[in-house]
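Novice: Here is what each chain is made of, one letter per residue.
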Amino acid sequence: MEAPQAYDYSQRPARLPDPVDDANRDLDIPLETRVEMYEMQLLLRQFEKRAYDLFMQNLVKGTSHLSLGMEAIATGFGAALRPDDYTFATYRGHAHTLARGAPPGPVMAELLGRENGILQGKGGSMHLTSVEHGMMGSYAIIGAHLCIANGAAWSAQMRGTDQVAVSFFGDGTTNIGAFHEALNFAVVWNLPVVFVCENNLYMEYTPIDVVSAVPNPAADRGPAYGLEGIVIDGNDPDAVFTAARAAIERARRGGGPSLIEAVTYRHGGHSRADPGKYRPEAEVEAWLERDPIPMYHQRLLGLGVGEGDLASIQQSVAGEVEAATEFAKSGDFPDEASLLTDVWADGGSAWRN
Amino acid sequence: MEAPQAYDYSQRPARLPDPVDDANRDLDIPLETRVEMYEMQLLLRQFEKRAYDLFMQNLVKGTSHLSLGMEAIATGFGAALRPDDYTFATYRGHAHTLARGAPPGPVMAELLGRENGILQGKGGSMHLTSVEHGMMGSYAIIGAHLCIANGAAWSAQMRGTDQVAVSFFGDGTTNIGAFHEALNFAVVWNLPVVFVCENNLYMEYTPIDVVSAVPNPAADRGPAYGLEGIVIDGNDPDAVFTAARAAIERARRGGGPSLIEAVTYRHGGHSRADPGKYRPEAEVEAWLERDPIPMYHQRLLGLGVGEGDLASIQQSVAGEVEAATEFAKSGDFPDEASLLTDVWADGGSAWRN
Amino acid sequence: MAELTYREAVARGIAQEMRRDPRLVMLGEDVAAAGGVFKTTVGLIDEFGPDRVRDTPISEQAILGAAMGAAMTGIPVIAEIMFSDFLAVCWDIVANEMAKSRYMTGGQVSVPVVIRTANGGGARFGAQHSQSVENWCMMIPGLKVVAPSTPADVVGLMAASVRDPDPVVFFEHKSLLGTKADVPDEDVVDRLGEAVVRREGTDCTIAALALMVPRALEAADRLAEEGISAEVIDVRSLVPLDTRTLLASVEKTGRFITVEENPRLCGWGAELASIVADEAFWNLDGPVVRITTPHIPLPAAESLEDMSIPTVDRIHQTVRTALA
Amino acid sequence: MAELTYREAVARGIAQEMRRDPRLVMLGEDVAAAGGVFKTTVGLIDEFGPDRVRDTPISEQAILGAAMGAAMTGIPVIAEIMFSDFLAVCWDIVANEMAKSRYMTGGQVSVPVVIRTANGGGARFGAQHSQSVENWCMMIPGLKVVAPSTPADVVGLMAASVRDPDPVVFFEHKSLLGTKADVPDEDVVDRLGEAVVRREGTDCTIAALALMVPRALEAADRLAEEGISAEVIDVRSLVPLDTRTLLASVEKTGRFITVEENPRLCGWGAELASIVADEAFWNLDGPVVRITTPHIPLPAAESLEDMSIPTVDRIHQTVRTALA
Ligand SMILES: Cc1ncc(C[n+]2csc(CCOP(=O)(O)OP(=O)(O)O)c2C)c(N)n1
Ligand SMILES: Cc1ncc(C[n+]2csc(CCOP(=O)(O)OP(=O)(O)O)c2C)c(N)n1
Ligand SMILES: [Mg+2]
Ligand SMILES: [Mg+2]
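Residue numbers (this note's numbering), protein chains in the order written: chain G, 1 to 353; chain F, 1 to 353; chain E, 1 to 324; chain U, 1 to 324.
These are calculated hints, taken from the structure and not from any lab test. Even for Gly, the Cβ is constructed at its ideal location relative to N, Cα and C. Errors might be hidden in some of the hints.
[Said to hold, decoys possible] To give an idea of the interface, some chain G residues facing chain F are shown, with a C-beta separation under 8 Å as derived from the structure:
| hint | residue |
| --- | --- |
| 1 | VAL214 |
| 2 | ASP220 |
| 3 | TYR225 |
Use the sequences and the hints to build the structure in full.
Specialist: Structure (structure tokens):
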């Protein structure tokens, strides 16, 4: 057997999760909220597992980027946001879309390229949007949406609505120029915006520390904008909710932007085609151990929620995902009638008279 | 009289120069080098004053951005660089070009749009380049050249030549995305590159602190890339030379990039058309008091250089500038023959057969 | 009716719309306190205050991102990108985000942004500050593209652009800023997608834009002296494009010539020429002809720049030769 | 002679050139250890080591800046921009820096960089990962632009691009990656600026690029069954452009049709059409016709995407109608 190559990232030392911070158990979070967060995490998990199955059945076309293992972040923020707040996400946006309350059926239908999809099939997995739920879009080119989130926050500021914009992005995104422009701009204009780095330790197939000048690619950049560098356990919905609530309230009160780095891990590969083999086995195992959902299940039991209650939540979520799947499969494929619509506000696409 | 508007920047409190750091007087800099730096500063000053006069005579067309008042930076770095090192500058690049030893005549001719210009009239004031002097170009769109300087440094690293690349840029440039990408990339690849922010307190007509999240727009960002945040007196050639020498040697030894913020002030406006009226009068006055050239003149006298020696340097510089002017004026305007050359390496511009 | 410069017309147009719509805001580098580096926004901060007219950092992506996000959430925005060449540093937001969002979201998102930008050559600014990049924008589905040639059009098309619910890139020509003409005193509101026949003619159709319009008109004067009757169309709006006016003119004249400041390849003239060569083919009495800047980066020296951008002479000679 | 996929041909072409020139290096996101997200660079790090084949951060400006700076100082570079849509985030370096530096410096600076990038649709990736942006590059003076349609051309044109001392944008079509064809075992070196007549014909000339080439060929087969003899030209290189081959073909056939994946406005087809409508006007027996993607952002759903990009059917029908 050959010696492992220095550039074989799977042979590098594993980056294990930090020890659990038990302080969270005592946080002032209503039990009702916690149960909702449990349910939301299950929905995200079941929904995406189903999406994966449908992909294997060749019903989901194109690409898709799952948040399996990362559900606590979308969940914690989802629970902390007001219905009229704004979310901006990446191509890895299924979880964030659902966590804002967008209906799973049309979201699933979108992945299947159906006309009953939430974007009528025009956008696909990477562009999920539901303006009526404050989900202002999923952006598939790295960086831009941090700047766009600023705009929504600026608009809220001008309109005096106390709305807050939250922008989610990955660790890899911290190295692109737009990250820097967005952060500086947000601070200078004191915008009500929260920047949330979902640090899952990898960009696509490259470990983030190989390509970043600092160990915490988001938090260590905070001071460059006069911001605190906040690192949280991204696998703990309570930790996320707590940090989210604080940052959102601060923004709502006119206290300006925050930057939060939530450390987490994706269970699968970067996108549907990727087996994720560039990761040390021990690392994958350790993080699977740290799956946010069983962990939270245990916590709720410890807080006195009954196993039966949790089981019935599981069942209702399973039903929801089943219904979403049926809804999606029942949709027609969009036809010629919709191809040329909605380029312009007049509903059409004419570029000439 | 109306109350001053909050947005009238000239009514803001002046940002005065920091007190002089006398420690520099004792620095270990050979007197010869100091005399050379005196001469270079004079050349930059006289050259640009002349360029201004020629502009007023309508002989310099287009735009030009002078470094009057900022000469100590180009000078200090020019003195610290090895002839085969690389310089990358901005549209405000006259000083940096001359400080690398490019001949004043062809540089002046370029400003006049003549065929004996250093770019044959094709580039103009904002793109001065002299590859044979290691002056790898002046870049007129903010940000790009920090990334390009990385490439020259990478090339030196690969070729094993110990060359170093230095990239100069303004305070305003620290807020554009390319700044961030360049810094992170340089650190991750441990490139022999020195980033030098010439902080003259203003972008074009807007004070830098109005648009930046941190007080020292370059140095305060250093830690975001694991770099020390170095602030120096940009009006003191000795301070500049000392910092330059340290950073360049570090890079040469394989110690990686540095980021230096040299605080300075421009005596005039941003570009030829700008009277610079957005600046508090007291500020302009205080900085004129802190003109690097008379200050350095005094220092050299204190170090025992004779007034007569300095006067004869002044004279020889005046002659040099006079000769450069004559050379420039004597040039023809480039004609049709050169219009279509040098788009491609074959010397031509054919896009079809 | 008062005589205004093209430069003054920019501020006039913006002011007209900011008065009409109290939501409308503007942002950009040095646009507020300084009134813009081209002095096209002088006085706006005084009338509308620093909350509606804002200076930004040198962060074009942040500027246009802010514009887009605000526009998506109910605030129409005018954003300045100082020189059109700088669209390259924020091209992703323009071409991939603003242009595509409505379609990608099945119509959920509206982006009522006007990107104003100084375009074109003639100021001896060199290759990175002189480009004509209307074609960069024309090729992106989802963008509207406007380039006025007169002060009145500046005001009227600015109003039309601001009132349009889709992203519009509004090109202000640097070499026209100092030109003067009458502008009505009352509100001026024009329409996107309408070309204007600036001079009627029967022998050929010359389509021009922005700085090329006065040059084409002058060339047409000279051609008239030689007995050639050229119709000159000011295209004004590349998207939407007034193909009707163009095709009707070619039907009448039988010849089609475009005058573009873009470098040759893939300029808007190519698009217009291809439309004419397809749809008006049987009306054509001779080749379609394009007059463009050569396919080179624009040189800085006055003598070279003057040889690059189409001149009255070149237009005159080219048309004469083509019609000979 | 071995059969290679288009995907394998990319690595083969790069390896051929890295063997020949020990200075040549490559960089990009996930290109090294992972062999690229499209698996087009598999094995290169094993052969050439991690100093010559390097993974980068997600920093397209830094990537192309590094490429340019290295190239200016003696190191030729191949840089990958993962999807061609992402050229928008580094467009300044491509369009304003790489393209213009030689000219602006009076010939002092050389930029031997090849920018490789995955272009085009068909993978249901939606509007931000499916664009055909050859025209973005064609319109910028100072860039060469290449888009191979076969594995052998991938290798040969890669070699030609790497050996070219000027910046070349090399478009690899995502929907061709899996196609297979013979590639000679020995070094393959092609030339930029040469179109290839893939099928001879007498009734019309069809100019196509990349994925549109096999589709045009199949359409030509169908047309042949109906008695229409179409000549199909694989343009291959947009800059330099082989106008001789195109014009000679039109001289023979009298009709000119372009098949583009670009959205309609200002695609390269417009440029070619305008050349033909000018220089071969008197050879034309009928209108020039352009077949393009409609002027819309590309939709994600399979059914919609398939209606957008020109299909064999659409090419067949359009040509048949045009020639009727
Ligand atoms: C500008 C740009 N460059 C490259 C890509 C390709 N790409 C898509 S996802 C991705 C990795 C992003 O990593 P990270 O930000 O950590 O997010 P994650 O996918 O891990 O959630 C890359 C490089 C892109 N979409 N946009
Ligand atoms: C991307 C880009 N945006 C805007 C400009 C216009 N511009 C030229 S110089 C300048 C100010 C730069 O300020 P700074 O970096 O502080 O440099 P200084 O001119 O003070 O030396 C601006 C905004 C530009 N050239 N490029
Ligand atoms: Mg990641
Ligand atoms: Mg400055």
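Novice: Against each hint, give a clear statement of whether it holds in the structure.
Specialist: Status of the hints after comparison with the structure:
no.	hint	verdict
1	VAL214	holds, 5 Å
2	ASP220	holds, 6 Å
3	TYR225	holds, 4 Å
The structure shown violates none of the earlier numbered hints.
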